[in-house]
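Taken in sequence, the protein lines are chains X and L.
Counting in the numbering used here, the first sequence runs from 1 upward without gaps.
Counting in the numbering used here, the second sequence runs from 289 upward without gaps.
Keep in mind the hints are simulated off the structure, nothing from the lab.
If you're wondering where the values come from, they're calculated on a predicted model, not measured in any experiment.
It is possible that some hints are incorrect.
Stated by the list, open to error - Here are the simulated EDC-like cross-link-like pairs (lysine to aspartate or glutamate), alpha carbons at most 20 Å apart as the crow flies:
#	chain 1	residue 1	chain 2	residue 2
1	L	312	X	141
2	L	406	L	501
3	L	486	L	556
4	X	208	X	192
5	X	208	X	188
6	L	312	X	193
7	L	486	L	501
8	L	312	X	197
9	X	208	X	193
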Amino acid sequence: MTTLAATAAEQEVSGRRPSRPARRRRWTRFVLPGYSWLVIAYLVFPIAVMIAYSFNKVTTGLPQVSFGWNGATLQWYRQWNGVPQLTTAFWLSVRLAVATTLLATVLGTLLALALVRYRPPRFRGRAAIEQVLFLNIAAPEIVLGVSLLGLFIVFNVARGFLTLLLAHVAFSIAYVTITVRARMSGFDRSLEEAAHDLYANGWATFRKITLPLIMPGILAGALMAFAISIDDFVTSNFVSGASIPFPVYVYNATRIGIPPQVFVFGTAIFSVGILCALASIVVSRRRV
Amino acid sequence: MEQPVRADHTGRVGSRRPRARLGKVLAPYLLSLPAGLWLVALFLIPLVIMLSLSLHTCNFGTGACVMTWHWAEFGQQLSLYHGPFLNSIYYAGAAALIDLVISYPIAYWIAFYGGSKKNFFLLMLLVPFFVSFVIRTVVWNFILSDNGVILGSLKHAHLLPQGFRVLSTGYAVVAGLAYNYLPFTALPLYVAIERIDKTVLDAAYDLYATRREAFTRVILPLTVPGLFAAFLLTFIPALGDYVNQQVLGGTSNTMIGSVIQTAFANLDYAGGSALSAMLLAIALIGIFAYARVLGSRTIEEYL
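So that you can see chain X by itself, here it is in the shape it has in the complex:
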């Protein structure tokens, strides 16, 4: 169907401008797609390198990744939990990301509902909230990290899982809100009015009508929060203290040598993430 439409569009264009030399257009037509695929290859290349090196043999005594290729092995997949600190860091990151996702999704969705439905006469301070959200996203992340560390120092809060969670929710809310709000812009409120007319009370309307309709947006926001949280390094590095999340562990390991299992975990996170994303694309396409 796409090709049909494309051909039709092409005929239309060439019909309009018959003077255009057909031969020249034939090869220039491939420039843009060719270039785009090159860019995609550039984006994928380091990931391919990471996956390849997760299979790299280590010849020296220390189990550290090196850039020389020593042949393939499944050793690091078999010994995936061979570095206790790394495994601890990974599960800490997972727990942190799950908790962040739950909190940030609830808070962010409620805020998005308020922003989509209510305008200034009924909702004073809406513009201020939007400015804060924007500032939260636009500010360099190191500023967030520094300011949160300052807060924890001033109030003498011990750094650990709790401070990590507080910080991660603080920078995830804005992303969730913006994602949910964007998906809600096409929301048809007459459906809610219909439910209301059929004597559904406010809560029933929300649970039976509103929530299912905005669910894709909420899921997208939740995925966003999870992805940001599990990958966060800068803020985490400032507020982590003794409980070290995965990215901070990897960063610290760059100084002393990276165990190959890091790439195994990297490959696992990548595979799960990309499968979820592809699945969501397939599902959304089937639904349309």
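Given the structure of chain X, go ahead and fit chain L onto it with the hints provided.
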């Protein structure tokens, strides 16, 4: 795309009990209260504390700080670290410009010719985000290393002198930043180009524009706000980055993020806070300049 938000039905509420009406009046505030409190307590108040900490004087041994209204901190930090500041601006600017050049054509292609595969191609643009940021940077360290995949083979083929190196130069830092922040440029650009009404192109062709003219005189001017938004949304996060510099750069090209990180590691809270405040100021100046020149608040539309 955007649908106007309709006013609430007030007529129906008339028959309801006063308590329900109060709930309706409070609804927007109740909905935004939890997130609002969180953001005030863990975003706005910390920013104020950061500003105030930069006016404190801190004991580097114990980390204890006393408020001394030491305004000179900013000047002192700036005179000490204007080099890293300039490095940051220079590298982040270069990376953002490179990203604009790299991603404009692909954003254009996806917006105009993506067809039903648009979502797939957008996912491909986002693909780096599925690998941890630090790991991506470490992998670039591998790729660019002196005898790695690229330089090693080029040297082997005698296309490069043996002493040639990229790692621990500014070029490596810019390369890392450009790779890591490319999606920050490509997606706003895509939004900007996608938003163009495709019939304006037909109109241009009807008026005998060549393909080049249609691009330079119709498409490009329409995407100028998007170009600047994409630049800022890449430049600002790259400005505070220190992972790329630490993993790919050397000692001669320190960026301000590293300096701030080191300041906090050395318990110099005042100095680190002052530097962060100045970094935030640079970001805000960029955003306000954008709002001034291209109409306020439009940058939010590209998020």
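Status of each hint after checking the structure:
1. The suggested pairing of residue 312/L with residue 141/X is violated, with an alpha-carbon distance near 37 Å, which exceeds 20 Å.
2. For the hint pairing residue 406/L with residue 501/L, the CA-to-CA distance comes to about 26 Å; that exceeds 20 Å, so the pair is violated.
3. For the hint linking residue 486/L to residue 556/L, the alpha-carbon distance of about 55 Å lies beyond 20 Å, and the restraint is violated.
4. Restraint check for residue 208/X and residue 192/X: satisfied, since their Cα atoms lie roughly 9 Å apart, inside the 20 Å limit.
5. Our distance criterion of 20 Å between C-alpha atoms is met by residue 208/X and residue 188/X, whose separation comes to about 14 Å.
6. Of the supplied pair hints, the one linking residue 312/L and residue 193/X holds, its CA atoms being roughly 15 Å apart against a limit of 20 Å.
7. A hinted pair counts as satisfied when its Cα atoms are at most 20 Å apart, and residue 486/L with residue 501/L qualifies at roughly 15 Å.
8. Taking the CA atoms of residue 312/L and residue 197/X, the gap is about 17 Å. The hint holds against a cut of 20 Å.
9. Taking the CA atoms of residue 208/X and residue 193/X, the gap is near 13 Å; set against the 20 Å cutoff, the hint holds.
In summary, the numbered hints that this structure violates are 1, 2, 3.
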